[in-house]
Amino acid sequence: MTRDGPGGRGRRRGSRFPAGGRRRRATGRPGRYLVFFKPFDVLAQFTDASGRATLADFIDVPGVYPVGRLDRDSEGLLLLTDDGRLAHRLTDPRFEHPKTYLAQVERLPGPEALEVLRRGVELSDGRTRPAEIEVLAGPPSLPDRPVPIRFRKNVPTAWLRLVLREGRNRQVRRMTAAVGHPTLRLVRVGVGPILLGDLAPGAWRDLTPDERHALLLRDHDG
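Taking the numbering used here, the leading residue of the sequence shown gets 14, the next gets one more, and so forth.
Worth flagging that the hints you see were computed from the coordinates, not collected in a lab.
Mixed in with the good hints, there may be bad ones.
[As the list claims (entries may be wrong)] Quick list of simulated restraints, FRET-style, between CB atoms: (1) D219 with D157: 25 to 31 Å; (2) N167 with A62: 39 to 45 Å; (3) E147 with D211: 18 to 24 Å; (4) E147 with V168: 38 to 44 Å.
Backbone N, C-alpha and C fix where the C-beta goes; we use that ideal spot for every residue, glycine too.
All chains, full assembly: derive it from the sequences and hints.
Here you go:
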């Protein structure tokens, strides 16, 4: 079942959902595993004292919380669950769960820049792990949204597909900036075996039985 954002906003700001807390699901109660297309300019948390848009404007399922982070100015796949053990495994860098992103960057990166991205980029918090990098032949099929202010019409852009196995703060943006190709738009389209698919921005759905099996099996094998 898919729930559209505008029609399924549920509890609003100030709800009883935790902002950063992590509830463990009660023993014997079936867990909830959700996929959400986080829109641009929405915080990946359920409350905000400043009144900015949060997950509570779109998701009305009690007890779930986001697995990992997705920055306010990034979009795409966000998993939510009440399964604390699974959430820990998915966010622990030791298990190297892959996360797939589509990034629109300024100018077409050359072979040298792409090789640096693949082998590891020296950032202020250390060298990144090796990553899978692919230059897309054209723009991917994504929902339109206004381009950022820093977008310059006279500067060509390119789309990259990146698969990372770690989750540092603003990692993709820092990596592409370090090789001279700032990220203009960033969309996460996969976490492990779970894909964003054709989910619309602001909509969410429960994982299918096959998706749950694949995710839990990977967690067990990891």
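So, going through the hints one by one against the coordinates:
Checking the proposed 25 to 31 Å range against D219 and D157 shows it holds: the Cβ atoms sit about 27 Å from each other. In this structure the supplied range 39 to 45 Å holds for N167 paired with A62, their Cβ-Cβ distance being about 40 Å. At roughly 21 Å, the beta-carbon separation of E147 and D211 lies within the given 18 to 24 Å, and the hint holds. Checking the proposed 38 to 44 Å range against E147 and V168 shows it is violated: the Cβ atoms sit about 21 Å from each other.
Checked against the numbered hints above, the structure breaks only hint 4 and satisfies the rest.
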